[in-house]
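Visitor: These are the residues of each chain, in order.
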Amino acid sequence: EDKVVQSPLSLVVHEGDTVTLNCSYEVTNFRSLLWYKQEKKAPTFLFMLTSSGIEKKSGRLSSILDKKELFSILNITATQTGDSAVYLCAVPINTGTASKLTFGTGTRLQVTL
Amino acid sequence: EAQVTQNPRYLITVTGKKLTVTCSQNMNHEYMSWYRQDPGLGLRQIYYSMNVEVTDKGDVPEGYKVSRKEKRNFPLILESPSPNQTSLYFCASSPSRGPYEQYFGPGTRLTVT
Chain A
120 EDKVVQSPLS LVVHEGDTVT LNCSYEVTNF RSLLWYKQEK KAPTFLFMLT SSGIEKKSGR
180 LSSILDKKEL FSILNITATQ TGDSAVYLCA VPINTGTASK LTFGTGTRLQ VTL
Chain B
20 EAQVTQNPRY LITVTGKKLT VTCSQNMNHE YMSWYRQDPG LGLRQIYYSM NVEVTDKGDV
80 PEGYKVSRKE KRNFPLILES PSPNQTSLYF CASSPSRGPY EQYFGPGTRL TVT
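Residue numbers (my numbering), protein chains in the order written: chain A, 120 to 232; chain B, 20 to 132.
Just so you know, the hints here were simulated from the structure itself, not pulled from any lab data.
Since the model is a prediction, treat every value here as computed from it, not as a measurement.
Warning: the hint list may mix true and false statements.
What the hints assert, rightly or not - Straight line, CA to CA, 27 Å or less: simulated DSSO-like cross-link-like pairs of lysine-lysine:
#1 Lys175/A <-> Lys186/A
#2 Lys160/A <-> Lys122/A
#3 Lys160/A <-> Lys84/B
#4 Lys122/A <-> Lys84/B
#5 Lys186/A <-> Lys159/A
#6 Lys90/B <-> Lys160/A
Turn these sequences into a full structure, and let the hints steer you where they fit.
Guide: Right, dumping it as structure tokens:
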């Protein structure tokens with residue numbers, strides 16, 4: 120059975136801290152891994168990772184994939200209160216003719232002053 | 020403005036009363052999908068569609084139907100809603116032929132009593 124597991128489940132940090140969120144996966148025919156951010160509304164897309172070792176970066180957020188060890192990390196440096204959200208990891212599962220998407224349960228990040 | 024719209028945004032209904040949640044996107048996207056989000060279970064895919072007249076089951080399709088008669092619309096139908104379908108529902112679309120960089124609608128909060 121395909122699985123996507125995120126850790127930690129929740130995290131509280133102080134503004135300015137650096138955080139690392141983890142996503143491990145066990146899927147057949149792996150092709151890519153996605154990160155989304157969900158505040159009090161719909162998820163918004165952050166990154167798509169397909170190759171091991173190549174960092175994707177957007178401002179203070181960065182992510183990297185390790186296809187050998189089957190995990191990805193999402194780093195946020197110099198956290199701000201606006202980074203408070205649930206961060207979701209997802210992996211497309213190839214069904215033959217199309218792809219469905221399996222999400223992890225998310226990591227809830229709270230950034231305090 | 021490029022967007023995914025869902026209607027209604029909030030709905031309280033009774034067991035067994037058929038309902039439809041509409042989803043429309045104005046970005047000419049091929050891939051569309053429905054998810055439900057429940058506390059502790061995360062986002063789970065209900066159905067997805069690669070293109071017009073092409074739909075397939077996600078991880079939790081029981082009790083739901085969909086149709087894709089036009090590229091822009093992907094309604095979710097609950098023929099006989101039950102209380103265990105009380106949830107937050109999201110529609111999403113993607114410009115690619117898979118669930119990669121998806122744009123999510125604002126969500127529909129459904130309560131079935």
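Visitor: Taking each numbered hint in turn, which are not upheld by the structure, reported in ascending numerical order?
Guide: 5
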